[in-house]
Amino acid sequence: SQQGEEDPQALSIQEGENATMNCSYKTSINNLQWYRQNSGRGLVHLILIRSNEREKHSGRLRVTLDTSKKSSSLLITASRAADTASYFCATGPIQGAQKLVFGQGTRLTINP
Amino acid sequence: DGGITQSPKYLFRKEGQNVTLSCEQNLNHDAMYWYRQDPGQGLRLIYYSQIVNDFQKGDIAEGYSVSREKKESFPLTVTSAQKNPTAFYLCASSPRQPWSEWPQHFGDGTRLSIL
Numbered sequence: 042s043q044q045g046e047e048d049p050q051a052l053s054i055q056e057g058e059n060a061t062m063n064c065s066y067k068t069s070i071n072n073l074q075w076y077r078q079n080s081g082r083g084l085v086h087l088i089l090i091r092s093n094e095r096e097k098h099s100g101r102l103r104v105t106l107d108t109s110k111k112s113s114s115l116l117i118t119a120s121r122a123a124d125t126a127s128y129f130c131a132t133g134p135i136q137g138a139q140k141l142v143f144g145q146g147t148r149l150t151i152n153p
Numbered sequence: 006d007g008g009i010t011q012s013p014k015y016l017f018r019k020e021g022q023n024v025t026l027s028c029e030q031n032l033n034h035d036a037m038y039w040y041r042q043d044p045g046q047g048l049r050l051i052y053y054s055q056i057v058n059d060f061q062k063g064d065i066a067e068g069y070s071v072s073r074e075k076k077e078s079f080p081l082t083v084t085s086a087q088k089n090p091t092a093f094y095l096c097a098s099s100p101r102q103p104w105s106e107w108p109q110h111f112g113d114g115t116r117l118s119i120l
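Going down the list, the sequences are from chains A and B. Quick note on my numbering: the first sequence kicks off at 42 and runs consecutively. Quick note on my numbering: the second sequence kicks off at 6 and runs consecutively.
Simulated from the structure, these hints should not be mistaken for lab results. Note that the coordinates shown come from a computational prediction; the quantities given were computed from them, not determined experimentally. The beta carbon of each residue, even a glycine, is placed where N, CA and C say it ideally should be.
Straight line, CA to CA, 30 Å or less: simulated DSSO-like cross-link-like pairs of lysine-lysine:
1. B:Lys-88 <-> B:Lys-19
2. A:Lys-110 <-> A:Lys-67
3. A:Lys-67 <-> B:Lys-62
4. A:Lys-111 <-> A:Lys-140
5. B:Lys-76 <-> A:Lys-140
6. A:Lys-140 <-> B:Lys-75
7. A:Lys-67 <-> A:Lys-111
8. A:Lys-97 <-> A:Lys-110
9. B:Lys-19 <-> B:Lys-62
10. B:Lys-88 <-> A:Lys-140
11. B:Lys-75 <-> B:Lys-19
12. B:Lys-14 <-> B:Lys-76
13. A:Lys-110 <-> A:Lys-140
14. B:Lys-14 <-> B:Lys-62
15. A:Lys-140 <-> B:Lys-62
16. B:Lys-14 <-> A:Lys-140
17. B:Lys-88 <-> B:Lys-14
18. B:Lys-62 <-> A:Lys-111
Not the full set, but computed from the structure, chain A residues with beta-carbon under 8 Å of chain B:
19. Asn-71
20. Gly-83
21. Pro-134
Work out the full structure: start from the sequences and follow the hints.
Laid out in structure tokens, this is it:
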């Protein structure tokens with residue numbers, strides 16, 4: 042069963058603009074993670090935010106987490122062509138089997 | 006460099022044939038995972054293993070089998086019972102408990118197609 046739902050499913054912006062992707066989930070979590078997948082490749086971990094954190098930064102990435110709304114957002118600032126990829130959120134649930142549950146992803150295209 | 010190696014990169018299966026996808030890691034991670042990804046979709050968990058000689062079914066285990074005889078290896082067999090095997094298969098690992106609180110490291114996948 043899918044826990045995370047990403048929105049939008051696809052996003053196309055101009056190079057230099059900011060890109061925002063959202064993730065909603067259903068059950069209580071220990072943490073939420075964001076991954077990037079370039080076409081035909083495996084996923085690469087970007088950032089992990091714990092349930093007691095509200096915001097986290099890593100370079101041009103900013104992640105927020107609102108546990109009351111069960112949602113997270115990933116902001117990529119000053120986008121580059123190399124940021125073109127699919128982005129997935131994954132949640133680590135508090136209860137049940139100790140495994141990550143991935144959403145269906147947002148396909149981001151950066152136009153030069 | 007430490008990482009996860011999946012082979013082959015492309016694989017073709019004939020009707021009624023079993024095929025095995027290889028996954029090897031040199032990260033000394035305890036847990037390993039197999040995911041299936043269909044075009045434009047997210048990842049669905051097939052099987053996972055948190056210790057040698059033990060593994061658990063994921064959400065879509067039917068038609069697949071695994072083994073974990075060595076810590077560094079977690080091969081996936083796609084059996085003839087899997088009627089729609091065409092997909093991109095990803096192997097991943099995570100270091101230790103609690104399993105869901107660590108980032109997963111991924112291989113570069115095997116793309117399986119039906120002949």
